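**Q** Take the two lone chains, each set in its own frame, and fit them into one complex as the hints suggest.
Here is what each chain is made of, one letter per residue.
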Amino acid sequence: MTTWLALVGMTLIALAGPATVRAQQRDGGAARSAQQTAPIDLTGYWVSYVTENWRYRMVTPAKGEYRRIPASPAAVPIINAWDPAADERAGSQCKSYGAGNIMSVPGRLHITWQDPDTLRIDTDAGTQTRLLHFTQSTAAATSPGPPSWQGESIAVWERATGPDGGGSLRVVTTNLRPGYLRKNGVPYSDRTTVTENFDVASLPDGGKLLLVTTVVEDPVYLTGPYIVSPHFKKETDGSKWDPTPCSSTW
Amino acid sequence: MLIHLVIRRAVVPLLFAVLAAGEASAQFDFVGSWAPLATEDVQNDSLPVDYLGLALTDEARTRALSYDESQKSMMERQCAGWGAAYLVLGPFGLRVTSQTDPVNNRIVSYTIGAWEDWSEMVIWMDGRPQPSEHALHTFAGFTTGHWEGGALAARTTHVKAGFIRKTGVPLTDEATIDWRFFRHGDILTVLMVATDPVYLVEPEIVSKSFRMSRTPLDYRSECVPAYEGHEPGDSVPHFSPDHNPFADEFMKLYRLPREAVLGYRDTLYPEYRKKIKDTYVPPPPCTESCGVAGNFVLRRQ
Chain A
16 MTTWLALVGM TLIALAGPAT VRAQQRDGGA ARSAQQTAPI DLTGYWVSYV
66 TENWRYRMVT PAKGEYRRIP ASPAAVPIIN AWDPAADERA GSQCKSYGAG
116 NIMSVPGRLH ITWQDPDTLR IDTDAGTQTR LLHFTQSTAA ATSPGPPSWQ
166 GESIAVWERA TGPDGGGSLR VVTTNLRPGY LRKNGVPYSD RTTVTENFDV
216 ASLPDGGKLL LVTTVVEDPV YLTGPYIVSP HFKKETDGSK WDPTPCSSTW
Chain B
78 MLIHLVIRRA VVPLLFAVLA AGEASAQFDF VGSWAPLATE DVQNDSLPVD
128 YLGLALTDEA RTRALSYDES QKSMMERQCA GWGAAYLVLG PFGLRVTSQT
178 DPVNNRIVSY TIGAWEDWSE MVIWMDGRPQ PSEHALHTFA GFTTGHWEGG
228 ALAARTTHVK AGFIRKTGVP LTDEATIDWR FFRHGDILTV LMVATDPVYL
278 VEPEIVSKSF RMSRTPLDYR SECVPAYEGH EPGDSVPHFS PDHNPFADEF
328 MKLYRLPREA VLGYRDTLYP EYRKKIKDTY VPPPPCTESC GVAGNFVLRR
378 Q
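Top line first, the protein sequences correspond to chains A and B. The number in my numbering is simply the position in the first sequence, starting from 1, with 15 added. The number in my numbering is simply the position in the second sequence, starting from 1, with 77 added.
Next up, chain B with everything else stripped away, as it sits in the complex (with noise of 0.2 Å):
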């Protein structure tokens, strides 16, 4: 009798909820904490001039070279954050909640908490309409989501006009930005995919992993104004484009061609690498810094 009972109260219901489980895989468990792994190099924001990776417009690559990262040392800018793409061309983890409807329990959205210069991003996930193309841009834009093929597919627009990458490579508020949450294991690997018309002659694609942390993240920092040499009223620091002091750097620094360092379209496509194969002089060894896991390059002295 009382194997029977077990049988009845315990094993029955794990069987179905074990079943169950799997048909509910395509959505998968989103919330908790996710750490940045530093071992696919995305970031490329160790040097004032490095767009490698990116496909360009003339015109973004214009004001790009006229980008002087001092910028961010005047009183006025030091706190603006950084768009949305930064939620995997930055360094952090991610910290997502959910956040349900108390009436059907459903989920209505998920938010991934904000760092110190980063704006939060909620997902919304309940179907609701689109603002209107006039409603107010923001740095974190208007994201919504929906479950397909067993990952989360989500769409920022309403950006704010502002930086693909910390360089000064520009973002019109026209972009949109795509992305997929693919979670495998203890993995959840962020897939975006950046469209502006403007300024990206292809999307912008990059591809981030992250793996679920039992230790809970949290970025958040309260950003203070204070003076770093800049008063206020003073010009916004910049180079004319074509006397950027910055633009060989990185170029010299590994000997790099110039093409790719400034995001020109071709650079990215195998048939780039056998050009250059007969011309390409590789660096001298490497003596400093050689095994760091971090994002940075040796800096100009």
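With the rest of the complex left out, here is chain A (with noise of 0.2 Å):
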């Protein structure tokens, strides 16, 4: 009878953990750290290649223009007052550096591990920098601090099963500072959960390429999901790499 019920037990965790749970243990479990076990690499430095959004990425949109934005009624007042010169004068100048637009900002990533179970990534543009916690110890169970540009994000792998291997990385963040989706002062709000999944592709000159498929969720300023896939090219050093502070006026 304990065996049927443990393999009850154990149905129940399969259907109720997701497969990338499933496939972290079978690699070792607990044991093992995030970096030992993960499936993609994704640290090295990348650059922005921007073919998407370029009007709305490499320069400064209109004021009051959010096409292609679900922004809410209670958005609309907030974007037709965006006042670049007050948000500098406030100490605010990285409101369009926050989580819910950083990935779309030009500029590069290094990516690097912090410690086994947290990744880094720093940007140049705005010199922000994003921890990824893959447990909760570091993150969750540890009372999360004030709201902040770059939130709180927990990270998971999901691990393909193919015998080539492969997977993803899916983040998600909150506890965010009201911030930017664009330079020109589309809101969202402290309650926006920002979900994005990094994955990897070759390319045909040998390259690698990072595309991160971006979903923004704001009850408050958006009437449905905001869902961008900004990517990046692999560079081969640090040598292009260039720090730039937010600014809101450009």
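There's no promise every hint is true.
To be verified - A few chain A residues that face chain B, going by a derived Cβ cut-off under 8 Å, partial list only: (1) Trp69; (2) Arg70; (3) Ala86; (4) Asp179.
To be verified - What the simulated footprint calls covered on chain A by chain B, stretch by stretch (three residues with Cβ under 8 Å from a Cβ of chain B suffice, anywhere in the stretch; the number is not a length): (5) 57-64; (6) 112-126; (7) 181-189.
Stated by the list, open to error - So the derived label-pair ranges between C-beta atoms look like this: (8) B:Lys352 to A:Ala105: 27 to 37 Å; (9) A:Gly222 to B:Gln104: 17 to 27 Å; (10) A:Pro258 to B:Glu153: 54 to 64 Å.
No lab work stands behind these hints: they were computed from the structure. Here the structure is a predicted model, which means the values were calculated and not measured. Here a beta-carbon is modelled for each residue, glycine too, at the ideal position from N, C-alpha and C.
**A** The following block contains the structure:
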């Protein structure tokens, strides 16, 4: 009877838990770190390759324009009241560099392992740092601090189980300080959740491409998910790394 | 006894099915309808001269500037359709079906259904060899695929010379297109890497996301040519590349730099943003159609 109950329990666990968790347990469970079990290598320098939303990313769009963003009625007055100089004076010049938009800001990423269970993303545009925590102990178990531009990010590997391995990194970010989805003041609130999948693909010339499928959900300023997929080319080194502070006017 | 029976008949198979499903997750379910998401601008085809986000050769730029969109009004070109790249550059969703081998039940191919101006794409999954380089080239091309790292990877060759944008940016029949289809939950992201040794300085890389649709999508529509102002035998509408009357329209509308609108390579990298920092003047505040989710901009009067 005990065996059967155990089987029932295992079934329920299997049904409740994502395949990713099972895969990580098969690879050694808690004894092995996220770094050791990484199915893809995200580390290194990556540069934005701006072929999409060019007009919204490479230059600051016109005040009041929010095409392609499902902004709610509550967002419109804020969009129309955008005042970059006021943001600058208020020390809020990083509003468009928060986790809701930072991966779309043209620039470079430097991805490293801060510790075996924390992946770190530094951006030269806006000199931001994102910490992606793979274990509850380093982030969620501790009381979350005040909302911040990059919030609290929980990461999990989604492991492909084919013979060639591979997989994806899924990141969920909350506890965000209100920010902008675009330079021209399209807002997101502190109730926003950003869900990202980081995927790597090989390019025909032998290079690597990082694709970040990003879903921004905000019950306050969006009527539906805002979904973009910025991509980055791998660079051989950090020779083009060029830290630039946040700016709300450019 | 009853509980033992239930466990033997239901729970154990379910447990194995769940674990087996985890093992099989490298091959996600691609079949179904996928609705397009309009939250990212990848089309860039609302004005005649918009080559933003492209790295063009001079020859490509010259040819694109010679293109007159009224070519599509010619009787013989109205139903020509667009090439394989239009899968992500067009406005439509995807309707994916699979074809299986009746003997071993393995998937032989996936088919992405046609639209009114796009031919269906068949992705052969059975490892068949490439056709001869002299084989027929079509707008859809020849596509083979395989599973790689949890994604469906595919490559299209044998494309007919055509366009990579509806604004007349050309693509040769030497082009190849590499695809990756990533599925995360109910979101499907399609990555396109188009390489052309003649017209592209660097591959055109575009990604576009779709959301699973419970309502089957069907964009098939009969194309019936009709008179649109051009008689059969009329000359092909075109411009002298140096005198395209629309060359400055997009630049002026949004005060965009000329080299960006005309598809120069450097404009795709972050350094370019820093380069134009002191010269770029934003357009005046938006007053019309400021929040439209579709893909159009204010057109010329």
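**Q** For each hint, tell me whether it holds in the structure or not.
**A** Hint by hint, here is what the structure shows:
no., hint, result
1, Trp69, "holds, 4 Å"
2, Arg70, "holds, 6 Å"
3, Ala86, "holds, 6 Å"
4, Asp179, "holds, 6 Å"
5, 57-64, "holds (count 3)"
6, 112-126, "holds (count 3)"
7, 181-189, "holds (count 4)"
8, B:Lys352 to A:Ala105: 27 to 37 Å, "holds, 29 Å"
9, A:Gly222 to B:Gln104: 17 to 27 Å, "holds, 26 Å"
10, A:Pro258 to B:Glu153: 54 to 64 Å, "holds, 56 Å"
Of the numbered hints given earlier, the model fails none.
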